[in-house]
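Given chain A, work out where chain B should sit, using these hints.
As you go down the protein sequences, you meet chains A and B in turn.
Position 290, counted from 1, in the first sequence is what my numbering calls 372; the numbers after and before it change by one each time, with no gaps.
Position 82, counted from 1, in the second sequence is what my numbering calls 230; the numbers after and before it change by one each time, with no gaps.
Misleading hints may appear alongside valid ones.
To be verified - Beta-carbon label-pair distances, calculated as ranges:
{"#": "1", "chain 1": "A", "residue 1": "Asp590", "chain 2": "B", "residue 2": "Gln336", "range": "31 to 39 Å"}
{"#": "2", "chain 1": "A", "residue 1": "Leu481", "chain 2": "B", "residue 2": "Thr298", "range": "54 to 62 Å"}
{"#": "3", "chain 1": "A", "residue 1": "Gly591", "chain 2": "B", "residue 2": "Val325", "range": "46 to 54 Å"}
{"#": "4", "chain 1": "A", "residue 1": "Ala524", "chain 2": "B", "residue 2": "Val325", "range": "34 to 42 Å"}
{"#": "5", "chain 1": "B", "residue 1": "Asp174", "chain 2": "A", "residue 2": "Asp542", "range": "27 to 35 Å"}
{"#": "6", "chain 1": "A", "residue 1": "Gly529", "chain 2": "B", "residue 2": "Val325", "range": "31 to 39 Å"}
{"#": "7", "chain 1": "A", "residue 1": "Gly629", "chain 2": "B", "residue 2": "Leu192", "range": "49 to 57 Å"}
{"#": "8", "chain 1": "A", "residue 1": "Thr618", "chain 2": "B", "residue 2": "Gly180", "range": "48 to 56 Å"}
{"#": "9", "chain 1": "A", "residue 1": "Ala524", "chain 2": "B", "residue 2": "Arg322", "range": "25 to 33 Å"}
{"#": "10", "chain 1": "A", "residue 1": "Asp590", "chain 2": "B", "residue 2": "Thr298", "range": "29 to 37 Å"}
{"#": "11", "chain 1": "B", "residue 1": "Asp174", "chain 2": "A", "residue 2": "Gly506", "range": "26 to 34 Å"}
{"#": "12", "chain 1": "B", "residue 1": "Pro301", "chain 2": "A", "residue 2": "His662", "range": "35 to 43 Å"}
{"#": "13", "chain 1": "A", "residue 1": "Gly529", "chain 2": "B", "residue 2": "Leu339", "range": "49 to 57 Å"}
{"#": "14", "chain 1": "B", "residue 1": "Gly171", "chain 2": "A", "residue 2": "Gly629", "range": "23 to 31 Å"}
Note that these hints are calculated values from the structure, not bench results.
Idealized CB from N, CA, C, for every residue including glycine.
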Amino acid sequence: MVGTTAARRRGAPTRLVAPALALAAGVASLSVVQAASTVVVTSYASSSRAAAAIDLTAGLSLLAAGAVTYERRPRNSVGPLAAVAGIAWLASDWVGWAEGPSLARSVAMVAAPFLLALVVHLALAFPSGRIAGRGARALVVAAYATAAVWAGGQAVAGDPFLDRYCWRNCTDNAFLVHADQQVVDTLRRGWLWSSIVLGVAFAALSIWRLARSSAAARATRWRVAVPAVVVAGTEVAYAGLLLRTPAESPRDPTFATMFVVRALALAGLAVGLVAALIRSERTSRAVARLAGALGEAPPPGSLQEALRRSLGDDRLEVAYWLPSVERHVDGTGRPVVPRPDRDQTSAAIVRDDRLVAVVVHDRSLDAARDLVAEIGAAARMAVDNERLRAEALAQMAELRASRARVVTAADTSRRRLERDLHDGAQQRLLAVSYELRLAQAAALEDGDASLAGMLASASDDAKRALAELRELAHGIFPAVLGEVGLGAALSTLADRAPVPVEVVATIDGRFRPSVESAAYAVVSSAVDEAARAAATHAEVSLTLDHGRLVIEVSPAGEGCERRLGDRVGALGGSLHVDRHKLRAEIPCA
Amino acid sequence: MRVVVADDTALTREGIEHMLEAGGVDVVGRAGDADTLLRLVDQLRPDVAVVDIRMPPTHTDEGLVAAAHIRTAHPDVGVLVLSQYLEPSYALRLVQDHPEQVGYLLKERVFAASALVDAVQRVHDGETVVDPTIVSALFGRRRRDDPLGTLSPREREVLGLVAEGLSNKAIAGRLYVTERTVESHVTQIFLKLRLDEGGDSHRRVLAVLAFLRR
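One chain only, chain A, in its complex shape:
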């Protein structure tokens, strides 16, 4: 979108230059082809009307594709490269322009060998316009260098008159310095061999890159890479044919066929370029629509989903920055670390110099960069809403975790208190009652009956204190719950309950201590409430339902709903009380 706006800004006259040039080159080539004598065939195009049509289709479609790409993406080198490749293709016709000026034919002779290098460059630079990777750059440089050596050598040392295989141009070379046919022949063989090697290397590199690229990148890249590989294949075949049969002739069916195949492959490349452009334009339009929609109202579902759909990138992620807790969260408030992998890159959404969010997206998506730029301005509300929601969710998650920690801490301290009572006060009191017994025995031995009686009564008091302490410890935390589990603890609860308790269903398995404690607390409180409400009995059931422990107590007493709701809610569970039944669910997976 940056491209289109920039192109629009430059105004109509400049925009028309590229198409005009393309049109001029086409018309000129057409006249060159038409002017060629039909007696001596000096180009494929002049061999028949069909050949002329195919020839011009290939050249002009590349020119047109280049012009259109340039018009939409003026800063991208792919457009100019395609146009120049079209010209290099058409240059072969100009070489065979028998009545044409010597300079024009000589220039065309120098230009024609660069076709393969241009196609390699274009394909490896697609879609960004920059060549990524050392291998790819080396390949492009090598392709240009070998084309330059051949074109230069041919220009300096090639006298067409001395070339026994000449057919396009057997008279003119405006650049000739010193004719040396042996050098030219050697260079030609070297050129043809290097074309084969370069073509094969390019095809291999392209296929490897296509296979390695992400799905999102591949969706665009193959439209150019595949036809470019086909072009390279036809150029390799053409070079091989020339090595075997140096005497080229449009009338030779093998050469004629080869010409048609090469022309069609180039036309295919032009079609691929335009198709890729259309796809990218469509993505841009979708993104523009999304940006517009975001500006008006937040999209249904998450921003991340909307961006994924619009950009065709399934792995795109939006991470909101929460300055209060100094971390990123996703749309649901879960903490995330935006970390782009090999195929991805990240873009920051910044407002008023403050980071709002990070979008991690596929490297190949130009549109994503534009989108991020647009989002900053247009989608203020949507992003803010989403971010606030994410922040609220993150705080809720934090709160939930904090509640769970509070409950767990309370449980833990109750357990510790019970243990301390058991191992401390209860043991000490036992020792006291033992010593009282000893003293009582001693008093009896001494015949002090009144002292013995007092000690006996003290000893009974100690025994009562022990029993009370035992009840207190059990009330704080029933040891059997921690050591054996819910099932045994509920049996004990039924032993002690103030009303008959029927455990109609129970579970033998163990759960997290916090879950067991909460479940026990629910049953214990609910049974007490039922007793307070003068129920004749209480029914308790424990069941498992999809990773949730379901506790049901009937009849339901009133008054414990809030407290138990807090307790169960702290573990992410829920509590429901109606006239007949109390039902609590606690996640326990």
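What follows is chain B alone, placed relative to chain A:
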């Protein structure tokens, strides 16, 4: 009678030893944890092991685990588990696994006159011992359509003593009646509660405890 005592609190252990020795029982070994206890039992082959339910390292149910070990490895060694938990589940677990020559006694009873020595003696004699407080807790359990309501007071008394693990002869001694009378009471009780009296007195204890917990 030779006894090994295991309790991790030295003071309590000494008290237990003293009570036992005062009652004419020979304390041949002392342990502070379950491993030492098992080793001592292996070496000394006592008549009875008196074991604290909660011992190192985890301070949970080591005593019960050790009791099961001893009863399996040395069927002739009785085990009396001492506990501060008024917890029928624990007593049932102990009796369920090995109903003979085992006992579950609340610690607070240990220093009451002859209770400890009596319990050790009963375990040694092959009886089962269930602390009366546990039995009365089970009796106190609220029930819908309480089946115990069909029993006469005397029958309830007999049932309680059966649950404590007493033999008919011992029950007769306690209630100052003939053993014959006790037998007819027991038959009557089991009929009313639809319990199977069959087998020995240990199975009988188990059946009654399980019934009381139903």
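Verification of the supplied hints:
1. One distance hint, 31 to 39 Å for the beta-carbon pair Asp590/A and Gln336/B, holds here, with the actual separation near 36 Å.
2. The hint said 54 to 62 Å for the Cβ distance between Leu481/A and Thr298/B, and at roughly 56 Å that hint holds.
3. For Gly591/A and Val325/B, the hinted distance range of 46 to 54 Å is satisfied, since their beta carbons lie about 48 Å from each other.
4. Checking the proposed 34 to 42 Å range against Ala524/A and Val325/B shows it holds: the Cβ atoms sit about 38 Å from each other.
5. Evaluation of the 27 to 35 Å hint for Asp174/B and Asp542/A yields a pass: the beta carbon distance comes to about 30 Å.
6. Between Gly529/A and Val325/B the C-beta distance comes to about 37 Å, which sits within the given range of 31 to 39 Å.
7. At about 51 Å, the beta-carbon gap between Gly629/A and Leu192/B stays in the expected band of 49 to 57 Å.
8. In this structure, Thr618/A and Gly180/B meet the distance hint of 48 to 56 Å, their C-beta atoms being roughly 50 Å apart.
9. Range check, Ala524/A to Arg322/B: Cβ separation about 30 Å, and the 25 to 33 Å hint holds.
10. Take Asp590/A and Thr298/B: their Cβ atoms lie about 32 Å apart, and the range 29 to 37 Å holds.
11. Restraint check, Asp174/B to Gly506/A: a C-beta distance of roughly 32 Å satisfies the suggested window 26 to 34 Å.
12. Between Pro301/B and His662/A the C-beta distance comes to about 38 Å, which sits within the given range of 35 to 43 Å.
13. Checked against the given bound of 49 to 57 Å, the beta carbons of Gly529/A and Leu339/B, roughly 53 Å apart, stay inside it.
14. Distance hint for Gly171/B and Gly629/A: a CB-CB separation of about 56 Å, inconsistent with the stated range 23 to 31 Å.
Of the numbered hints listed earlier, the single one contradicted by the structure is hint 14.
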